[in-house]
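Visitor: The task is simple: from the sequences and hints, build the whole structure.
First to last, the protein sequences are chains D and P. Using my numbering, read the first sequence as starting at 1 and increasing by one per residue. Using my numbering, read the second sequence as starting at 1 and increasing by one per residue.
Treat the hints loosely; a few may be bogus.
Any copy, or any two copies together, can satisfy a pair, since identical chains are not distinguished.
To be verified - Cross-link-like lysine-lysine pairs, in silico, DSS-like; alpha carbons within 27 Å at most:
| # | residue 1 | residue 2 |
| --- | --- | --- |
| 1 | K44 | K69 |
| 2 | K70 | K144 |
| 3 | K104 | K146 |
| 4 | K4 | K104 |
| 5 | K48 | K4 |
| 6 | K62 | K23 |
| 7 | K4 | K127 |
| 8 | K123 | K68 |
| 9 | K127 | K70 |
| 10 | K123 | K4 |
Derived by calculation from the structure, the hints in this document are not laboratory data.
Number of protein chains: 2
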Amino acid sequence: MHMKTGVEQSMYALVLLNMLPDKAVLPGEAISQQLGASATYFQKLLRKLVTADIITSVPGIKGGFRLKKKPEDIRVYDVYLAVEGQQSLYSSHGILVDMLDLEKEESCCLLTNLMEEAESSWKAVLKRETIASLSEEMCGERFKDKVAALEEWINNKMVV
Amino acid sequence: MHMKTGVEQSMYALVLLNMLPDKAVLPGEAISQQLGASATYFQKLLRKLVTADIITSVPGIKGGFRLKKKPEDIRVYDVYLAVEGQQSLYSSHGILVDMLDLEKEESCCLLTNLMEEAESSWKAVLKRETIASLSEEMCGERFKDKVAALEEWINNKMVV
DNA sequence: ATAACGTGGATAATGATTATCCGTTTTAAG
DNA sequence: CTTAAAACGGATAATCATTATCCACGTTAT
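Guide: Structure below.
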């Protein structure tokens, strides 16, 4: 049981896109290079973010990706959901139904309620932070120089 | 990101063992049959429960498994931990460290704190219920007959 | 027209989870 | 003291989800 690495990657991709000036765009290949991710595979993840209305894609030469929403409106939870899908962490295999020989309608599992509560509780925390708050955290005094270098890199790679 | 089915199986295995009279024991093969689980593989899971001090094993003919602790002292969380191990749901791949070109000591990730909090929150819910409370839930009026049949089965399969 | 980009589908490689096999040890019973 | 049934441990295979690659296609600035 482990979160996909795609969630972490996507999150940082969005932090990168958040550094872009208005109307500018960053090509997918540049993003995946910066993340150290497989370029072709990361395109698929970017696609998921597009269909989740988190980012916009611009095709054609001078194309790329940019945020579609304001960074303070993109919750960590939204990114998780876009990348991992909405399947729950736990789903019953109907063991109790078999053990007690219940009817199929009586889908009954001693764990489902508890697990759903646990998951809600987990998700609630993911809803607390946004791309805006993460970006802010990164741009604090501590990493001033490093972030400046990253901005420099963005200026080189961004389009229009 | 999905919980192993072994967790659900183990949980019900413990509910079964909780139905045993004192000092009696249930062979691993009977347990896995009742659960509809692969017998040989489920032995491995039972082993994890043994090393986690949740159940005791008795080798030799007339051997099998029984609870080691009182059912009210076995939390759902304990079972989860025994089966899945203590690795956390999220672990950083150091993407930010690479992006900002930080020193290795400066292991820094914008998500780690949040994710750890979320996980704690998730685990807290799993600590609320125990094998005792699950068993109780199962043995309510609703499934009276069905549970009686299960007890019958246990009487047949248990040893000593 | 062309070159650089995103899209979509098919398909492989990888890795974790689940499953099987076999030999060993333990113990009750004949 | 032999045998049968059980847990144990290691090696290994099968299965499945995740990650990765490839290629043909649509889009758009130059």
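Visitor: Give a verdict on every hint.
Guide: Hints and how they fare:
1. K44 / K69: within (20 Å within a copy, 48 Å between copies)
2. K70 / K144: This pair counts as within: shortest intra-copy Cα distance 23 Å, inter-copy 55 Å.
3. K104 / K146: between (59 Å within a copy, 14 Å between copies)
4. K4 / K104: Between copies, since 23 Å is at most 27 Å while 33 Å is not.
5. K48 / K4: both (14 Å within a copy, 25 Å between copies)
6. K62 / K23: For K62 and K23, only the intra-copy Cα distance (12 Å) is at most 27 Å; the inter-copy one is 75 Å.
7. K4 / K127: both (18 Å within a copy, 25 Å between copies)
8. K123 / K68: within (23 Å within a copy, 34 Å between copies)
9. K127 / K70: within (15 Å within a copy, 38 Å between copies)
10. K123 / K4: Cα proximity of K123 and K4: in one copy and across copies (16 Å, 19 Å).
Going through the hint list in order, the structure satisfies each hint without exception.
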